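Residue numbers (the working numbering), protein chains in the order written: chain P, 931 to 1375; chain A, 181 to 703.
Since the hints were made in silico from the structure, they are not lab data.
All of these numbers come straight from a predicted model, not from anything done at the bench.
Each hint should be verified, as a subset may be incorrect.
[To be verified] In silico lysine-lysine, DSS-like type, Cα no more than 27 Å apart, as pairs:
id, chain 1, residue 1, chain 2, residue 2
1, A, 604, P, 1251
2, A, 298, P, 1230
3, P, 1230, A, 581
4, P, 1230, P, 1251
5, P, 1230, A, 375
6, A, 647, A, 691
7, A, 665, A, 581
8, P, 965, A, 330
9, A, 647, P, 1230
10, P, 965, A, 449
11, A, 604, A, 677
12, P, 1230, A, 672
13, A, 330, P, 967
14, A, 665, A, 691
15, A, 701, A, 677
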Amino acid sequence: MRYHPHTPDEIRDMLAAAGATSLDDLFRSIPDALKLKRPLDVAPALDEISLFAELRRIAARNATEHPPFVGAGAYPHHVPPVVDQLLLRGEFFTAYTPYQPEVAQGTLQALFEWQTFVCLLTGMDVANASMYDGASSTAEAALMATRATGRSKVVVSAAVHPEYRRVLRTYLAAMRDEVVVVPYGADGRTDLTALEREVDGRTAAVIIGYPNFFGVVDALPEAARIAKKAGALSIAVTSEAVALGLLKGPGELGADVATGTFQSFGNGLQYGGPAPGFFAARESILRQMPGRLCGATRDKHGRRGFVLTLSTREQHIRREKATSNICTNAGLCALASTIHLALLGRNGLAHLARLNHARGRELRAAMERAGFGLRFSGPTFNEMAFEVGDAEAVVSRLAQRGIAAGAPLARWYPDDPRMKGALLCVATELHTPELIELFARSVRG
Amino acid sequence: MANPTGWKPSMEKAAAAPAEAPEVGAGGATRGLAYEEPLLFERGSAGERMGVSLPPVQAGADLASDLPSELLRGPIAELPALFELEVVRHFTRLSAWNYGIDTGFYPLGSCTMKYNPKSSEALARLPGFANAHPLLPEELAQGSLELMWKLERALSEISGFAATTLTPAAGAQGELCGVMMIRAYHLSRGNARRKVLIPDTAHGTNPATSALNGYEVVQLASGPDGRLHPEAVRAAMDEDVAAIMITNPNTLGIFESHIAEIAEIVHAKGGLVYGDGANLNALLGVARPGDMGFDVMQFNLHKTFATPHGGGGPGSGPVAVTEALAPFLPLPVVAREGERFRLVQSERERPQSIGKLREFHGNFGMFVRAYALIREYGPEGLRATGQLAVLNANYVRAKLKDVYHLPFETDSLHEVVFTDKALKPSGVTTMDVAKRLIDHGFHPPTVYFPLVVPGALMIEPTETESKETIDRFVTAMRDVADQVKTDPEGVKAAPEKPVRARLDETRAARKPVLRWRPGMKVD
Chain P
931 MRYHPHTPDE IRDMLAAAGA TSLDDLFRSI PDALKLKRPL DVAPALDEIS
981 LFAELRRIAA RNATEHPPFV GAGAYPHHVP PVVDQLLLRG EFFTAYTPYQ
1031 PEVAQGTLQA LFEWQTFVCL LTGMDVANAS MYDGASSTAE AALMATRATG
1081 RSKVVVSAAV HPEYRRVLRT YLAAMRDEVV VVPYGADGRT DLTALEREVD
1131 GRTAAVIIGY PNFFGVVDAL PEAARIAKKA GALSIAVTSE AVALGLLKGP
1181 GELGADVATG TFQSFGNGLQ YGGPAPGFFA ARESILRQMP GRLCGATRDK
1231 HGRRGFVLTL STREQHIRRE KATSNICTNA GLCALASTIH LALLGRNGLA
1281 HLARLNHARG RELRAAMERA GFGLRFSGPT FNEMAFEVGD AEAVVSRLAQ
1331 RGIAAGAPLA RWYPDDPRMK GALLCVATEL HTPELIELFA RSVRG
Chain A
181 MANPTGWKPS MEKAAAAPAE APEVGAGGAT RGLAYEEPLL FERGSAGERM
231 GVSLPPVQAG ADLASDLPSE LLRGPIAELP ALFELEVVRH FTRLSAWNYG
281 IDTGFYPLGS CTMKYNPKSS EALARLPGFA NAHPLLPEEL AQGSLELMWK
331 LERALSEISG FAATTLTPAA GAQGELCGVM MIRAYHLSRG NARRKVLIPD
381 TAHGTNPATS ALNGYEVVQL ASGPDGRLHP EAVRAAMDED VAAIMITNPN
431 TLGIFESHIA EIAEIVHAKG GLVYGDGANL NALLGVARPG DMGFDVMQFN
481 LHKTFATPHG GGGPGSGPVA VTEALAPFLP LPVVAREGER FRLVQSERER
531 PQSIGKLREF HGNFGMFVRA YALIREYGPE GLRATGQLAV LNANYVRAKL
581 KDVYHLPFET DSLHEVVFTD KALKPSGVTT MDVAKRLIDH GFHPPTVYFP
631 LVVPGALMIE PTETESKETI DRFVTAMRDV ADQVKTDPEG VKAAPEKPVR
681 ARLDETRAAR KPVLRWRPGM KVD
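Chain P on its own, in the form it takes in the complex:
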């Protein structure tokens, strides 16, 4: 076993030093009745060559030859090889949470850079060192809002990602908080009249997607104003963060908290995880924030360095009074995003965002040529819902050709008859104009 270095002689010597007669003897503190008396019933050991053959066999049962035309919270983007090669440096890859800052300045400075990138893109004052994912980050933001306002009602747009809303419900149910969902209109944006009606003096937070689940750029400034008037926090959720290279940051539009994922930067699809959730907010809410924060300081010689800070909010100090129970987050994924954003920089990010927007427009044009109009009239970035007749049938038909066609919205909105034929599709820099044209024609059949 290549990962177990012990020779029989060493085991004998070490047992003797430890005053044990055998390896089994080391476990004498476990009552015999509680011990397992048989080998574990797991598959027999494999050598590396057989292991690769077996996992290759399994991986080959996934069809990933073509870039998917489905986004819906996980976006196919090009990840430059630089990202992975730097990420795989063992000093980053095999380090733990930076509890000993003198030997973790690499991780810490990178986290400080991540926090800065998140702030610059979202237009917020402060950001934490990452969350598990966009959905739990949003749920934690809602919990934070209930703590900060002392209120227990959370108002969320039906156009926020349905999985995020499900997670929100799970987290808030545990605290007996109330979730109220407001509908969307024919433009795919949140119904502001309904929102205004629901937001009241009991409301802790208003949650809006930006862009929302339908790919539509929602009415964030208006929603933020409604929240502010009622003394509630406004939370903007972004799953396709490339949009923030073209659209103003939520903080510039009045939002108090920005959550979501930076999966689009440097993190592949990986069947949905891991990817870095982000959490950014106005400075006034800093001490209510969940998760780790990296801050700058100096060492005893006056040199600048970085440490984890404000940890009196956290579980290992505050235990049951902590702002969250989060411990391990998604540090390595945040590093991947940081490297990708460093490569993109000011010019690359703007370029990538314009390119994605342009590809979205090409998709729209190709689908229109193929006879499929938009389901919603609101403005979109790179993702949009089309009216395709029987969306499930289209997905099944294209699956036979190994193409992931899109997300049939009726799966998440079964009670809305408008959604029956709606297929949510995305186009990014990976979808060439030729591929887009081919796709649109395949949808037609």
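Starting from the known structure of chain P, arrange chain A on it as the hints suggest.
For chain A alone, coordinates are given in the frame of chain P:
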């Protein structure tokens, strides 16, 4: 460019100093060639530079004409503009400021810092896994589903439970999931109950998780042998207690040998027993929490199953449960129908499910790595893992207990906790020892945890470390103890070899600087 890091060039001084070979620690550490490196944002941001190669945007009319102009932004001025090599050097230099398992011994107690196999990285990057979209039609994602189903079965067998969910993103979310299921179970019987019992040795996540579920935490004192005793549980147990949360072996590395009786006491009053599986490594193939009276337990794949810690995640925290709790598992659940696998996503099919905990299906990339490790080990390898992890910890204990104070004589399993009591007369503390170990070339153990042990030094070697490595670590620990006697000030001044000496944490918290801004100052 101004020098933002506070570094002062001193080539002349260095050249004038007498030639003297640098000190070498027991771990072989000496000073390397390390660079000062500014923040990305402090680097030149010359004009048009970028570090990516992308297709052009088709020329044409105003591309953003279909977006509301009041929402559009131009390029973000504060972002850097760098070329590829600049970025590569930046992160390569930062990496050199870090210490990882690949650098050296990392005996961080309760974190199970074992070697992270390189094979697993290659396997997780197979295009079929890496490029799979989470909403792929099921017929195009049979590989992902097969792997999840097989990992779920393997984890259930290893832990002795009926079923496992892979969904939770990390150990703490696994705990959250477990306590939510406990609450749902009690609610289904009419009453959520009010309290959760937690021993004083527990991880901070246990009480934080209980509070997130609205439970009141009742702390139980451990006995003089470092164990939780049935009497303490019996005295606190009533029909208002939803559950007890126990880590076994506990954070002292001691097996809670009364676990079966404790479980009986809790079950008799209708409560459930939650197992914090952070320390499962000690038991692999030797004993199973599901056979001890636990009802639910979370795994930490990034500990026991060697997925990388990555400087703070991603983790993965699957949760195993008994038959009675299985209906409450979060969604999705992978179902097998012959050779086909499918995701059960709907609450209609699983009406008692606590719902979803995160988007999509969990940290799949970590599942591939954990499954690969389990397949490479097989039953014998898994058992040897538990055995050798415990052997290494007991060897460390035997080699150090004459110089460091051992607060509990009780048998250790996978980790051992010492204290700084014997060093006290010199004024040297656990933190000083930790920092001095860095100069010897080792990552320090976990310090000041568990909280019940003042000045705790918690050492978990893991099974992937050789006797030679541990011998060198023991030498370093003993060298530090010797130095405490002869030169306590030298120990308190450590570390001197890393790129930074001790950092001022009070300053960081008093005037938080949490991001770069133009003209950033750290005063």
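Hints, verified against the model:
1. 604(A) to 1251(P): violated (32 Å)
2. 298(A) to 1230(P): With Cα atoms ~38 Å apart, residue 298(A) and residue 1230(P) exceed 27 Å; violated.
3. 1230(P) to 581(A): Distance of about 33 Å is beyond 27 Å: violated.
4. 1230(P) to 1251(P): Violated. Residue 1230(P) to residue 1251(P) sits at ~32 Å, over the 27 Å cutoff.
5. 1230(P) to 375(A): Not OK: residue 1230(P) and residue 375(A) at ~46 Å, beyond 27 Å, violated.
6. 647(A) to 691(A): violated (45 Å)
7. 665(A) to 581(A): holds (17 Å)
8. 965(P) to 330(A): holds (24 Å)
9. 647(A) to 1230(P): Judged against 27 Å, a Cα distance of about 36 Å means the pair is violated.
10. 965(P) to 449(A): With a Cα-Cα distance of about 26 Å, the restraint between residue 965(P) and residue 449(A) holds, given a limit of 27 Å.
11. 604(A) to 677(A): At roughly 25 Å apart (the allowed maximum being 27 Å), residue 677(A) and residue 604(A) satisfy the hint.
12. 1230(P) to 672(A): holds (12 Å)
13. 330(A) to 967(P): holds (23 Å)
14. 665(A) to 691(A): Judged against 27 Å, a Cα distance of about 37 Å means the pair is violated.
15. 701(A) to 677(A): It holds: about 26 Å lies between the C-alpha atoms, which stays within 27 Å.
Checked against the numbered hints given earlier, this structure breaks hints 1, 2, 3, 4, 5, 6, 9, 14; the rest are met.
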